[in-house]
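Enquirer: Construct all of the structure, not just a fragment, from the sequences and the given hints.
Take a look at the letters that make up each chain.
Number of protein chains: 2
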Amino acid sequence: MAHIFMATNSRNSTNRTARDDEGNQQKHIITVPWRRIERLSLHLNPSPNHHNLSQIEMLICAGRVKKIDVKVAELSSFMRGKHRDIQERVFEYFKSRPELQTPLEISKDEHRELCMRQLVGLVREANIRPFKYVVEDPAKYFAIAEAVGSVDMSLGIKMGVQYSLWGGSVLNLGSKKHRDKYFEGIDSMDYPGCFAMTELHHGSNVQGLQTVATFDPLTDEFIIDTPNDRAIKWWIGNAAVHGKFASVFAKLMLPTHDTKGVSDMGVHAFIVPIRDLRSHEPLPGVEIHDCGHKVGLNGVDNGALKFRSVRIPRDNLLNRFGDVSRDGNYTSSLPSISKRFGATLGELVGGRVGLAYSSNGVLKIAATIAIRYSLLRQQFGPPKQPEISILDYQSHQHKLMPMLASTYAFHFATLHLVDKYCEMKKSHDEELVGDVHALSAGLKAYVTSYTAKSLSICRESCGGHGYAAVNRFGSLRNDHDIFQTFEGDNTVLLQQVAIDLLKQYKQKFRGGSLAVTWSYLKESMNTYLSQPNPVTSRWEGEDHLRDPNFQLDAFRYRTSRLLQSVASRLQKHSKALGGFGAWNRCLNHLLTLAESHVESVILEIFIEAVRSCSDEGSKVALKLVCDLYALDRIWNDIGTYRNVDYVAPNKAKAIHKLTEYLSFQVRNVAKELVDAFDLPDYVIRAPIGLQAADEAYSQYTQQVGF
Amino acid sequence: MAHIFMATNSRNSTNRTARDDEGNQQKHIITVPWRRIERLSLHLNPSPNHHNLSQIEMLICAGRVKKIDVKVAELSSFMRGKHRDIQERVFEYFKSRPELQTPLEISKDEHRELCMRQLVGLVREANIRPFKYVVEDPAKYFAIAEAVGSVDMSLGIKMGVQYSLWGGSVLNLGSKKHRDKYFEGIDSMDYPGCFAMTELHHGSNVQGLQTVATFDPLTDEFIIDTPNDRAIKWWIGNAAVHGKFASVFAKLMLPTHDTKGVSDMGVHAFIVPIRDLRSHEPLPGVEIHDCGHKVGLNGVDNGALKFRSVRIPRDNLLNRFGDVSRDGNYTSSLPSISKRFGATLGELVGGRVGLAYSSNGVLKIAATIAIRYSLLRQQFGPPKQPEISILDYQSHQHKLMPMLASTYAFHFATLHLVDKYCEMKKSHDEELVGDVHALSAGLKAYVTSYTAKSLSICRESCGGHGYAAVNRFGSLRNDHDIFQTFEGDNTVLLQQVAIDLLKQYKQKFRGGSLAVTWSYLKESMNTYLSQPNPVTSRWEGEDHLRDPNFQLDAFRYRTSRLLQSVASRLQKHSKALGGFGAWNRCLNHLLTLAESHVESVILEIFIEAVRSCSDEGSKVALKLVCDLYALDRIWNDIGTYRNVDYVAPNKAKAIHKLTEYLSFQVRNVAKELVDAFDLPDYVIRAPIGLQAADEAYSQYTQQVGF
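Sequence lines, in order, name chains F and B. First residue of the first sequence: 1, per full-length UniProt numbering; consecutive thereafter. First residue of the second sequence: 1, per full-length UniProt numbering; consecutive thereafter.
Be a bit skeptical, because a hint or two may be false.
Pairs of lysine-lysine, DSS-like flavour, derived with a Cα cap of 30 Å [what the hints assert, rightly or not]: (1) F:Lys572 / B:Lys619; (2) F:Lys503 / B:Lys384; (3) F:Lys575 / B:Lys384; (4) F:Lys653 / B:Lys575; (5) B:Lys653 / F:Lys503; (6) F:Lys572 / B:Lys575.
One side only, chain B facing chain F, incomplete, derived with CB under 10 Å [stated by the list, open to error]: (7) Leu200; (8) Gly292; (9) His396.
Rather than coming from a laboratory, the hints here were simulated on the basis of the structure. Even for Gly, the Cβ is constructed at its ideal location relative to N, Cα and C.
Expert: Right, dumping it as structure tokens:
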């Protein structure tokens, strides 16, 4: 929590009035907080107060302040995605089947079975079939995933494993023969499957996978082998209990006629049956173990797979990007191992899009619970007055209001990402592919890290009642936690963003065109790298600070400077350290650059969303949270801005002051802002977070038996 | 993650060499990271590298760098507390009774029973009797609590409820008659009991409790009543299942002869039997419900208590600070409700001391697991070289090394607090009481918040394997989470620190003496409030930055400025807003002040600990982590220092650079530094965190069944 010293000139004049005879010196410098001090330290009823109460109330209690007129229905309708209808079908189905609701206490094994029943029920009973949307209409698929995740995140992930990972690998990496053979079984849940990429020793470094698939031209088969324990497929969802097939990622080895004997063609994916379709017993050569309890998501049956000379037909190679002929010859439309590997991984980017989107869904639930409870909960208050809501405390606003602003920011950013992804799936435009790849990496990393931290803050801000399991922060945090790691570790993904930025930087100096998301950099490289303007760096007016142009300029200036300076540092260090050493030496810097860029992109999308809103009340509210998002981020990195005199000392203070003021203003419409997320009580479930605030405590006491 | 822009002058000259003909321009500005970019984005084998490998290894791999010579045994012996022997008895006992070990999966009800068996076993079988140490030798009590908490934190908390809260209230708030009657039963676990303070609607604001105890002179009894559902005693440990008694905090009401009928004498504590000693049934008028599942600590049976005209003998008033005679007259050695209430709460400060101490115990376990795994785990590496440990990445050092430094810092600070607390319990010196009160509030808040955040970082830094329940981050986080809330919400406790600082500030200007912990402020108020020295603000040398005098000066300067400026702001705002409004308007500022002060105190104790270490190797290592602690904190708030020109821009950069370098140096002795915590594998338990690194993976694979 950074804090700029408040300058003061009153030191000498005021302190000197402090004397021992307290009775006669009611106005010396430290008298003022005295009543509060006594209250807090001795829990005393203070002496009668002399100040103007209406003024206090005006400043700390929301009721009397002229509020922004937000109509929840209007704002909600502006926010609502195209696929709200199917989400409501999901909610209705599970609401109608209470026996499918996950109880607070459930054993791992029961949870896995329940989760399977939930998924089968969704598909076969409610007839919601996510698989067809994976390719056809991904936005609809993501909407289902978000809704299902809010029922039980284990179900969301199990569905993702089945349709996006296992199913997606068949659709995206295979060819027509695979779709014809597997589509129906995957869609109907007759063929539950796994996505077997990660190994015990290799997660992020997929290139380092050691499982091998050797072609045997005599039998026209591939032989799948786990060469050592380090290469055991680990954390494979659906493997421990339910999976019948797995997409196994392995190095394709082809026999050669030279002394080497085999040639490594790089990592490819293969469909490997792992359990008998009838008996459900593991097939010969397939050793399966249960990875056991996890921090969360215990409804998903993650397992470990070890292969010993498991033979599969040649047809089981998912051959979209590379194929092997009957006589063992390799063909591909792509010229190199690297291109094929890039294309293969590129097809899996949908998982990241879905995680960024669902992560914001989790944040919406948590923020709603925490904010509703903080409005309801009262503790302490002005002397002789009723206690006030804890959300009326500046410290509580500081914890929750920038978080609420970020939730809105991420809402528009992740919707934008989903749109871009859908566009890409249709057009296959190469530039768009690169754009979506970097944007999904950046947003997945940034949003999931932010949500993870926020879940803890939400729990803390609800105190003891936030610790009741029924109020959900524990399970939300435990289930969401791994979002930061799977589908690409966040630290690695941010490096991919940095890599892309450096590519763009290179591109610029070659005169090439820039991808859409980075187009601001083209301008910035010319504009921003001069010294900051000594005049604007002193502008402190609210109009200026709330001007989107100032905010965007500040974000982009920072990104551009970081990009330019890290490029220069990489060059400098590479002489002594080589490429790898230089990269590592600048790693913190590179991660900061990536985060700064993602923040810039989010702000740009947010500003555009505000502009496009036609309902006046909603627009004012959105502009308010957008400004808070922007200024809070600038304030969080004020050291950077100060160090290059992009902002003068007094401007820094003005930004801080305005951030606190905007937090207070957002607090005044906080109820409306969370109501506009339009999450029904069935989805919220936490007694302290239900929409009808007056029922919250009684729900809570009834729930324990009173 | 703040980041100062790296200034560069090479922009114009170097960029211009970038051209389209890449082949001929191998040295332009962005060629350098290219190999790394290709590796990461395409997972390609890069082209052969031309740089000097021994230099890379020197800079990123620890092996070749001249290491500080730390002898684990020496450092460990310096760190070891006086009561290691009894901790080892705890470990030995539970190691010898594997059936008492808490399994990964256990239902709430089974967990509670197991936890009770653990506690009874400890007391009756291992004959470790914590109760006698609560007053006699609190340091020994805290040592037992830390050890027991590392077996299962539920057990640690259940023990705390029984001996520190329930038992402690009898010993500290009662008189000889209570000790005589209850000591034996509490000590032996025949009288399991509760500490019934918190109500559904009142946690932090204890003064607002609404439960009443009305004296009935006819029967010489108190009548305990819950006037409404808001006053139900909530979250009461030991209440749901095991408790037979409760210390109930209630407003003491005495009959008067005027029209009011009764007079409120303020909150007092009463011993209320809640279950029949033989049948264990709830007693008449006592309604007990189970608060149900919690985020963690499910081995503790928290319950809710509602009283309907429950009659208890007059003798059950815990009467140390106030008593009622047979004829209903009130007597007290203390003159006012506030003094009595302050004295009552003051006796309960031991709980905070224990939490700060145990929280650091949790942090030691988590940091050990995360650091050992990060040394073991390898992922990516320089071209054509083996993969490197993930702790060799700058970003990973950034996550874990300042955390390790803080763990050391908190070790010495919490030991110091325990010593002060023991001294206070002996001397009852009033100044010391105030000192311990503020220090325990500050350290409890600061350390538990830091640990909570760090547990998440530890999980993330271990990636997927950190998500396996067996590796413990989930249960450590879930169990520890509430440390931030109970025994005083951290945000409220930090305000108590701020209050104390303002009192000291007032004191200074009255010419009074300052409490020991704050003595630096006396000097600071004179020295630090002048403008920063423009010469020293430019000093950038390593010797200067690692000079404890510079570090202490920077910390204290910040605290002093914050104190002075907040006092001035409080004065300013109070005119319009009154005391309460002004306090709220400055709340973020006040919390920053409190944190800044706590950090200053921790640094001072750490510097003293380094000075007092006589083993040369240990001293060098401790100095290193102490410097990292200090500079990392300064860097985290660099905006503040920059804004008043306490440090010049280049000095800010030098601090950042040195922080990264010190993190790298600490990484080189990280194994020794965690080994020196001397936590046996029995306590660590996580397969990925065991001392013999080469066994970690095989332990892990065996554990799932391979």
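Enquirer: Hint by hint, note whether the structure agrees.
Expert: Evaluated hints:
Only pairs whose Cα atoms come within 30 Å are accepted, and Lys572 of chain F paired with Lys619 of chain B is rejected, the gap being roughly 35 Å. As the CA atoms of Lys503 of chain F and Lys384 of chain B are separated by approximately 24 Å, the hinted pair is consistent with the 30 Å bound. Pair hint Lys575 of chain F plus Lys384 of chain B holds up; C-alpha atoms about 19 Å apart against a cutoff of 30 Å. Between Lys653 of chain F and Lys575 of chain B, the direct Cα distance comes to roughly 22 Å. Compliance with the 30 Å bound is thereby established for this hinted pair.
Restraint check for Lys653 of chain B and Lys503 of chain F: satisfied, since their Cα atoms lie roughly 27 Å apart, inside the 30 Å limit. Restraint check for Lys572 of chain F and Lys575 of chain B: not satisfied, since their Cα atoms lie roughly 57 Å apart, outside the 30 Å limit. The closest approach between the C-beta of Leu200 of chain B and any C-beta of chain F is roughly 7 Å, which is under the 10 Å cut-off, so the hint is satisfied. Because the closest C-beta pair between Gly292 of chain B and chain F is about 6 Å apart, less than 10 Å, the hint holds.
Satisfaction of the interface hint for His396 of chain B is found here, the shortest Cβ-Cβ separation to chain F being roughly 8 Å, below the 10 Å cut-off.
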